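Trainee: Listed below are the residues making up each chain.
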Amino acid sequence: MTYKAKLRVWRGDDESGDLKNYEVDVNEGEVVLDIVHRLQATQAPDLAVRWNCKAGKCGSCSAEVNGKPRLMCMTRMNTFTEDEVITITPMRTFPVIRDLVTDVSYNYAKARMVPAFAPPADLEPGDYRMAQVDVERSQEFRKCIECFLCNNVCHVMRDHEDNKASFSGPRFLMRIAELDMHPLDTVDRRQTAVEDHGLGYCNITKCCTEVCPEHIHITDNALIPLKERVADRKYDPLFSVASLFRKGKEKRAAAPATPKG
Amino acid sequence: MATTGIDAPGRAKIAAKTLRTDRWWVQPLFTFLALTAFVVYSTWRVFMNKYYYSDPYISLFYSPCLAGSCVPGAQFAGAPITWWAFSPALLIAWIPLAFRFTCYYYRKAYFRSFWLSPPACAVAEPHGSYSGETKLPLILNNVHRYALYLGLVLNVILTWDAILAFRNPDGSWGHVGLGTLILTLNAFCLWMYSLSCHSCRNAVGGRITHFSKHPVRYQMWTFISKLNTHHMRWAWVSLSTVVIADFYVYLAASGAISGSWV
Ligand code: SF4
Ligand code: SF4
Ligand code: FES
Ligand code: FES
Chain A
1 MTYKAKLRVW RGDDESGDLK NYEVDVNEGE VVLDIVHRLQ ATQAPDLAVR WNCKAGKCGS
61 CSAEVNGKPR LMCMTRMNTF TEDEVITITP MRTFPVIRDL VTDVSYNYAK ARMVPAFAPP
121 ADLEPGDYRM AQVDVERSQE FRKCIECFLC NNVCHVMRDH EDNKASFSGP RFLMRIAELD
181 MHPLDTVDRR QTAVEDHGLG YCNITKCCTE VCPEHIHITD NALIPLKERV ADRKYDPLFS
241 VASLFRKGKE KRAAAPATPK G
Chain B
262 MATTGIDAPG RAKIAAKTLR TDRWWVQPLF TFLALTAFVV YSTWRVFMNK YYYSDPYISL
322 FYSPCLAGSC VPGAQFAGAP ITWWAFSPAL LIAWIPLAFR FTCYYYRKAY FRSFWLSPPA
382 CAVAEPHGSY SGETKLPLIL NNVHRYALYL GLVLNVILTW DAILAFRNPD GSWGHVGLGT
442 LILTLNAFCL WMYSLSCHSC RNAVGGRITH FSKHPVRYQM WTFISKLNTH HMRWAWVSLS
502 TVVIADFYVY LAASGAISGS WV
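As given, the protein sequences belong to chains A and B, one line each in that order. The opening residue of the first sequence carries number 1 in our numbering; numbering runs sequentially from there. The opening residue of the second sequence carries number 262 in our numbering; numbering runs sequentially from there.
If you're looking for bench data, these hints aren't it; they were derived computationally from the structure. Hints may contain errors.
[Stated by the list, open to error] Pair ranges (Cβ atoms, derived): (1) Arg233(A) x Ser501(B): 34 to 40 Å; (2) Ser501(B) x Pro119(A): 47 to 53 Å; (3) Leu290(B) x Ser105(A): 35 to 41 Å; (4) Pro120(A) x Phe484(B): 29 to 35 Å; (5) Val404(B) x Glu136(A): 25 to 31 Å; (6) Gly339(B) x Glu136(A): 47 to 53 Å; (7) Ala277(B) x Gln43(A): 23 to 29 Å; (8) Pro270(B) x Lys57(A): 32 to 38 Å; (9) Glu195(A) x Tyr410(B): 23 to 29 Å; (10) Gly435(B) x Lys234(A): 50 to 56 Å; (11) Arg233(A) x Thr490(B): 22 to 28 Å; (12) Ala111(A) x Asp283(B): 30 to 36 Å; (13) Pro119(A) x His475(B): 16 to 22 Å; (14) Leu123(A) x Leu290(B): 50 to 56 Å.
Source: prediction; values computed, not measured. Even for Gly, the Cβ is constructed at its ideal location relative to N, Cα and C.
Could you build all of it, start to finish, from the sequences and the hints given here?
Mentor: Rendered as structure tokens:
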């Protein structure tokens, strides 16, 4: 059963743009990205859209469908009614290049600011040994496909361009949390989390968690635990005093100078 | 309604603050109404300064009752604060207030529904600037753990109150009234709310990096993590049982209900 879907697609560039109306055929079982491709093939050959795997694994096709940040390849057409107008726009937090394609280099710059995994100096790469329970916690975060929908939805930057300088967004705070929880990492990442990556800007309103296509519990399992770990060190007078008396506490190096993105 | 975000230069020019088509405003609206109702109710009760004790039940807003003015029977540890001239609830009520205000779940709730920051995901907030929890006073949310510790002390006292609710008027044990059940249920829900807390999760094991070196704490962390996934539910359930328990004591103490079942 085929029907014609009513689409409103944002067309434009970094200077100007508009929502344009189209009607495009839809077949059973299709996803939004299929329809965008059909639109490109039949009516709008110059429509710019970024995609790669069509399987929700490459993180390229991030956009906003009816105002919600989503992967186009993972948004099924049967979640909409046949007479519903479906609005498709590029992500609204990053600069647009053309049509549905945005410039996500902000994310790469922030990624470079996170100091790399640093195992103990005397440990050769082939000698890493870890217990399963120690690895498990950060495995959840390794599911990330770097679609940047979480950074796109985060109101800290989405609604305040000026915060982009001091805030790295949930994607990279989660990366810092992952490394801070890593038993073999020797770098103290708590200070850099607050000072270079803006952990304090997050008000735990959980939109990153709501949009993550990998269903990673970003807020509950990465951001809040990181806030708690920072509080252990920075905001908790009792804990600081107690740790002075604790013997054999692993020594942790200060983070190396952060390369500025 | 200035925002410095979605209309910043370089971004796709779209005038709408949101293009969401679902009823995204329903949830913040209900949260706003429910929390406002709670604040109004608890303010009314905290300043009322009466109808908080009906043997063997005490309202949790007034327990432990430390002021010299506490009614006989309700007094805790000899009610040592004799110079206190206001409602005895004021000596206590700031603890649950601080606990819930700094709670990670309630922070989400009030940042969304009261401060609209953001009202819902991908709905532009109405503020021109935003500094989150980086400055006073909101940076104080980082000491949530101290509110948790105080809250746990109160839980012990409220649990004791629930145990005392099994006494008959003559002091002998074995009484079970509707109030006994309500106070016990309320104490249970408050424990579930406090134990599922994110700071508790960090304290029992979350702050450890080598789980394999601390098997007992790892077990505790696993257990608390399970409770933690329901923290929001316990936040609302316990808020409701607090109101029910207090209102029940109010009804009993004011004489609106009476009889052996009470
Ligand atoms: S929980 Fe924090 S990081 Fe995630 S979207 Fe909300 S403010 Fe941003
Ligand atoms: S955490 Fe989730 S939403 Fe964020 S970039 Fe990774 S997969 Fe995408
Ligand atoms: S095309 Fe790869 S995630 Fe959608
Ligand atoms: S009580 Fe909610 S997080 Fe601690």
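Trainee: For each hint, tell me whether it holds in the structure or not.
Mentor: Evaluation of the provided hints:
no.: 1; hint: Arg233(A) x Ser501(B): 34 to 40 Å; verdict: holds, 36 Å
no.: 2; hint: Ser501(B) x Pro119(A): 47 to 53 Å; verdict: holds, 49 Å
no.: 3; hint: Leu290(B) x Ser105(A): 35 to 41 Å; verdict: holds, 38 Å
no.: 4; hint: Pro120(A) x Phe484(B): 29 to 35 Å; verdict: holds, 31 Å
no.: 5; hint: Val404(B) x Glu136(A): 25 to 31 Å; verdict: holds, 30 Å
no.: 6; hint: Gly339(B) x Glu136(A): 47 to 53 Å; verdict: holds, 51 Å
no.: 7; hint: Ala277(B) x Gln43(A): 23 to 29 Å; verdict: holds, 24 Å
no.: 8; hint: Pro270(B) x Lys57(A): 32 to 38 Å; verdict: holds, 33 Å
no.: 9; hint: Glu195(A) x Tyr410(B): 23 to 29 Å; verdict: holds, 28 Å
no.: 10; hint: Gly435(B) x Lys234(A): 50 to 56 Å; verdict: holds, 52 Å
no.: 11; hint: Arg233(A) x Thr490(B): 22 to 28 Å; verdict: holds, 26 Å
no.: 12; hint: Ala111(A) x Asp283(B): 30 to 36 Å; verdict: holds, 32 Å
no.: 13; hint: Pro119(A) x His475(B): 16 to 22 Å; verdict: holds, 21 Å
no.: 14; hint: Leu123(A) x Leu290(B): 50 to 56 Å; verdict: holds, 55 Å
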